[in-house]
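Asks: We have chain A already, so just place chain B on it with the hints.
Just so you know, the protein sequences line up as chains A and B, in that order.
Just so you know, my numbering puts 105 at position 48 of the first sequence, and the rest follows in order with no gaps.
Just so you know, my numbering puts 152 at position 95 of the second sequence, and the rest follows in order with no gaps.
If you're looking for bench data, these hints aren't it; they were derived computationally from the structure.
Owing to the predicted nature of the structure, the values given are computational and were not obtained by experimental measurement.
Among the hints, erroneous ones may be present.
Unchecked claim - The following label-pair restraints were derived from C-beta to C-beta distances:
1) A:K73 to B:R150: 41 to 47 angstroms
2) A:G189 to B:P164: 45 to 51 angstroms
3) A:R148 to B:R150: 53 to 59 angstroms
4) A:Q62 to B:R65: 24 to 30 angstroms
What the hints assert, rightly or not - Straight-line C-alpha distance at most 27 angstroms; calculated DSSO-like pairs for lysine-lysine:
5) B:K115 to A:K126
6) A:K121 to B:K100
7) A:K100 to A:K121
8) B:K115 to A:K100
9) A:K123 to B:K169
We put the beta carbon where it would ideally sit given N, CA and C, even for glycine.
The chain contents come next:
2 protein chains.
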Amino acid sequence: MRGIQAERNLVRQLWKKGFAVMRAPSSGSSTKMDRPDIIAGNKIKGLQFAIEVKTTLKECLYIKEKSIKQLVEFSQRFGCQSILAIKFKGRRRNWIFIKPDQLSFTPSLNYKITFRNALRFGIDFKTLIKEGKQTKIYH
Amino acid sequence: MRGIQAERNLVRQLWKKGFAVMRAPSSGSSTKMDRPDIIAGNKIKGLQFAIEVKTTLKECLYIKEKSIKQLVEFSQRFGCQSILAIKFKGRRRNWIFIKPDQLSFTPSLNYKITFRNALRFGIDFKTLIKEGKQTKIYH
Chain A
58 MRGIQAERNL
68 VRQLWKKGFA
78 VMRAPSSGSS
88 TKMDRPDIIA
98 GNKIKGLQFA
108 IEVKTTLKEC
118 LYIKEKSIKQ
128 LVEFSQRFGC
138 QSILAIKFKG
148 RRRNWIFIKP
158 DQLSFTPSLN
168 YKITFRNALR
178 FGIDFKTLIK
188 EGKQTKIYH
Chain B
58 MRGIQAERNL
68 VRQLWKKGFA
78 VMRAPSSGSS
88 TKMDRPDIIA
98 GNKIKGLQFA
108 IEVKTTLKEC
118 LYIKEKSIKQ
128 LVEFSQRFGC
138 QSILAIKFKG
148 RRRNWIFIKP
158 DQLSFTPSLN
168 YKITFRNALR
178 FGIDFKTLIK
188 EGKQTKIYH
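One chain only, chain A, in its complex shape:
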């Protein structure tokens, strides 16, 4: 689940903080290539992200192996950080940002992360863009 509305919101947040942001064409596009949902860069902050956006109503988010592979390959080619922007709807209003290596690999060859672990390992928007001191959401 991509959550177009939530994604647009994230784009606006990044733009307001001085990032240049590009959203990929919708997933259904015939020209879908190996690329993330969003790419964002901020020269002044020295930050560049390839972002995969996921929203879920459940307590555990499953992500296809292919999505993660594409995200990481894109970032390695481009020369930027891979980040997952996750929204656990109904559980937390704000985005949680997770690095791909914080996901667990499942026996069905997919990746997953629970809401609890996202809170434990994830960072919030301010930390992502290097504003404020908070490094973890959960204390």
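Replies: Using the frame of chain A, we list chain B on its own:
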């Protein structure tokens, strides 16, 4: 004029040369932001481009001031180079790459470049991606 087919072709060329490439959603999109047609990066080569794609059947290409402003602002925020990829259809098969400061400003507050000046000031694909020695198309 964007020339979707030509643009896809350029994306493929860049991808083959190790770039990560993202195309913007079509111009008609309601979420059109200040962004270029293509963003491409190659970590190994140390190159990152925001690219505005233009094709024309005429001998002189006119570009709206707004397009150039958006391209340059995006690049400055992101921290990458601004490049115009121009195809003069029927005159030259290959792309000519031009920096925004090589365009002329017209009395009608637009930018333009003639085919002749594009050949004189532009660079070809190999030079853009730092392969081969050629620095100008025209000798």
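Asks: All hints, please: hold or fail.
Replies: Going down the list of hints, with the structure as the test:
1. Against the hinted window of 41 to 47 angstroms, the Cβ-Cβ separation of K73 of chain A and R150 of chain B comes to about 43 angstroms, which satisfies the hint.
2. The hinted range of 45 to 51 angstroms is satisfied by G189 of chain A and P164 of chain B, whose Cβ atoms lie roughly 49 angstroms apart.
3. Between R148 of chain A and R150 of chain B, the C-beta spacing of about 55 angstroms keeps the proposed range 53 to 59 angstroms intact.
4. Hint check: Q62 of chain A to R65 of chain B, Cβ distance near 28 angstroms, so the stated range 24 to 30 angstroms holds.
5. A C-alpha spacing of about 43 angstroms is found between K115 of chain B and K126 of chain A, which places the hinted pair above 27 angstroms, so the restraint is violated.
6. At most 27 angstroms may separate the alpha-carbon atoms for a hinted pair to count; K121 of chain A and K100 of chain B meet this at roughly 26 angstroms.
7. Restraint check for K100 of chain A and K121 of chain A: not satisfied, since their Cα atoms lie roughly 32 angstroms apart, outside the 27 angstroms limit.
8. For the given pair, K115 of chain B sits about 37 angstroms from K100 of chain A by alpha-carbon distance, which is inconsistent with the 27 angstroms threshold.
9. A distance of roughly 44 angstroms separates the Cα atoms of K123 of chain A and K169 of chain B; the hinted pair therefore is violated under the 27 angstroms criterion.
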